[in-house]
Amino acid sequence: MNTWIKVARYQLADRWVVVTGPWLILALGFLIALAWATSDPPLPGHAAYSGPAAIYIYLIGTGALAIARQLPFALALGVSRRSFYAGTALLAVAVAAVYGLALTVLQLIERATGGWGPNLYFFRVPYLLDGPWYLTFLTSFVGLALMFAWGMWFGIVYRRWNLPGLLAFLAAQALAVTAVLLIIGAYGWSSAGRFFTTLTIGGLTGLLAALAVLLLAGGYATMRRVTV
Amino acid sequence: MTPAISVAGLSRRYRGQLALDDVSFDLEPGSITGLLGRNGAGKTTLMRVVAGHEFASAGTVTVLGARPVENEQVLRQMVFVREDQTYPDFRVRQVVQAASWFYPNWSHQLAGALLDEFNLPLDRKVRKLSRGMRSAVGNVIGLAARAEVTLFDEPYAGLDPVSRQLFYDRLLADYAEHPRTVLLSTHLIDEAAGLFERVLVIDRGRIVLNTAADNLRGAATSVTGPAIAVAEFTAGRPVWVRRRIASQESAVVAGAMDETDRARAAALHLHLEPLTLQQLVVHVAGTPVGSLEERTSA
Chain A
1 MNTWIKVARY
11 QLADRWVVVT
21 GPWLILALGF
31 LIALAWATSD
41 PPLPGHAAYS
51 GPAAIYIYLI
61 GTGALAIARQ
71 LPFALALGVS
81 RRSFYAGTAL
91 LAVAVAAVYG
101 LALTVLQLIE
111 RATGGWGPNL
121 YFFRVPYLLD
131 GPWYLTFLTS
141 FVGLALMFAW
151 GMWFGIVYRR
161 WNLPGLLAFL
171 AAQALAVTAV
181 LLIIGAYGWS
191 SAGRFFTTLT
201 IGGLTGLLAA
211 LAVLLLAGGY
221 ATMRRVTV
Chain B
1 MTPAISVAGL
11 SRRYRGQLAL
21 DDVSFDLEPG
31 SITGLLGRNG
41 AGKTTLMRVV
51 AGHEFASAGT
61 VTVLGARPVE
71 NEQVLRQMVF
81 VREDQTYPDF
91 RVRQVVQAAS
101 WFYPNWSHQL
111 AGALLDEFNL
121 PLDRKVRKLS
131 RGMRSAVGNV
141 IGLAARAEVT
151 LFDEPYAGLD
161 PVSRQLFYDR
171 LLADYAEHPR
181 TVLLSTHLID
191 EAAGLFERVL
201 VIDRGRIVLN
211 TAADNLRGAA
221 TSVTGPAIAV
231 AEFTAGRPVW
241 VRRRIASQES
251 AVVAGAMDET
261 DRARAAALHL
271 HLEPLTLQQL
281 VVHVAGTPVG
291 SLEERTSA
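If you read the protein sequences in the order shown, they are chains A and B.
Note that the working numbering gives residue 187 to position 187 of the first sequence, counting from 1, and the numbers run on in steps of one.
Note that the working numbering gives residue 174 to position 174 of the second sequence, counting from 1, and the numbers run on in steps of one.
Source of the hints: derived by calculation from the structure; they are not laboratory data.
Glycine included, each C-beta is placed from N, C-alpha and C at the ideal position.
Incorrect hints may have been included.
[Claimed, not checked] Computed beta-carbon distance windows for the label pairs:
| no. | chain 1 | residue 1 | chain 2 | residue 2 | range |
| --- | --- | --- | --- | --- | --- |
| 1 | B | A66 | A | L211 | 36 to 42 Å |
| 2 | A | V19 | B | T86 | 18 to 24 Å |
| 3 | B | G40 | A | V105 | 55 to 61 Å |
| 4 | A | I109 | B | K125 | 35 to 41 Å |
| 5 | A | P164 | B | R244 | 53 to 59 Å |
Throw the hints in and build the complete structure from the sequences for me.
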């Protein structure tokens with residue numbers, strides 16, 4: 001456990017990738033959306049600039065770099081693959097929790113200020129991030145952790161098999177998604193549609209959490225035989 | 001005593017190419033061993049397997065009595081400084097700081113002194129350093145870690161002579177105070193020869209020489225002089241190689257020279273010179289394995 005925390009700290013030393021980058025990109029997106037909303041005020045209830053997407057996407061990169069760039073030196077310092085992975089996953093969970101909380105607070109401010117003045121929907125996303133604050137937190141937390149974990153797996157695949165591996169990994173994911181769509185097709189789109197329309201955001205968050213656990217497990221399995 | 005590093009029947013195969021071929025050796029704790037050999041001989045692969053960075057295809061490696069792979073207990077006591085190390089996007093200060101977190105015996109004082117002596121810019125990104133300076137960063141980590149098992153792979157590639165001397169001096173001084181097991185690979189053999197208590201020579205993935213450094217001092221002698229006199233002197237002795245320019249000949253003779261030999265050589269106007277470690281390695285690593293066994297037994 002002690003080593004895990006040291007690894008998380010080691011990862012945090014690269015501020016740009018873990019802290020500065022994601023918030024800078026979010027701030028930029030927010031400022032642009034704010035400028036847009038100010039110059040062309042949206043009709044009430046009709047304005048959603050889904051801003052937080054940027055930070056989610058950025059965290060895929062963070063996860064990938066946290067492995068691809070940080071792994072070789074960590075191993076040179078006598079960190080085991082297991083500890084390195086656990087420490088990085090620990091960081092992923094901590095980052096997702098703190099950032100999820102920050103996004104929740106920003107959403108509360110957005111509600112309280114009437115959309116930052118010009119009725120801007122930036123931290124509120126219909127259906128996904130639109131419920132009570134604790135659901136917003138939970139969904140953000142799980143979503144961010146999922147993205148980080150996904151990125152980590154990409155990073156490990158890259159470390160093990162380089163570019164060909166990365167392409168194969170992407171192809172495999174595309175194949176998996178296609179398979180899921182085919183299965184849904186076999187059961188009939190109407191029943192699938194019923195499933196998704198009745199799915200609450202809490203239920204969706206549960207599904208995403210299961211997927212995040214799956215990604216972490218897959219990443220670990222890939223990690224065990226990585227060489228540097 | 002449990003060997004610090006014990007390797008038995010170790011092989012590593014990459015797609016039909018045998019990088020390590022049935023390698024076996026033991027290193028006693030508290031010794032400095034030179035790992036010598038040509039480019040691509042298998043030095044780095046061997047060290048990577050010992051450090052648990054690479055997996056063995058066959059055979060076993062134990063470090064401090066246990067398998068190193070994913071063994072936190074062993075890994076905590078081992079540092080691996082490699083020439084081709086990929087660093088994170090860190091500044092020199094961050095790299096050294098991060099290293100200090102992972103080693104129980106880390107010496108901040110030694111690290112500080114070394115950073116200073118190597119003239120390393122603390123706030124510069126490691127990727128912006130020259131090759132020599134990057135090597136120096138590795139050396140600071142390798143020495144300040146004071147790890148029980150210290151692996152140096154080409155620790156001074158690109159390093160200037162002053163810094164290299166500094167590295168030798170610091171290594172010896174700190175080693176005397178805090179004994180540990182050091183395995184060091186290098187191509188600057190004569191320069192580092194004074195450090196080694198033991199020498200391992202690897203060629204094409206096989207260990208071709210494994211002996212105490214003392215055994216190698218005077219293990220072979222070059223005899224130079226008039227060809228006729230050389231022929232007379234070397235008659236009946238194992239000769240490794242002869243080189244002739246006009247009437248002058250130079251022959252490398254295996255085995256130690258005693259007083260009688262020296263007197264005889266002087267009488268024949270022959271010049272005797274013991275082979276340096278580097279010359280020995282060139283002979284040992286530059287020839288097929290078969291002929292070598294005859295030599296070491298000679």
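Structure-based check of each hint:
1. B/A66 to A/L211: 36 to 42 Å: holds (38 Å)
2. A/V19 to B/T86: 18 to 24 Å: holds (22 Å)
3. B/G40 to A/V105: 55 to 61 Å: holds (57 Å)
4. A/I109 to B/K125: 35 to 41 Å: holds (37 Å)
5. A/P164 to B/R244: 53 to 59 Å: Given about 54 Å between the Cβ atoms, the range holds.
Every hint, counting from the list given before, is met by this structure.
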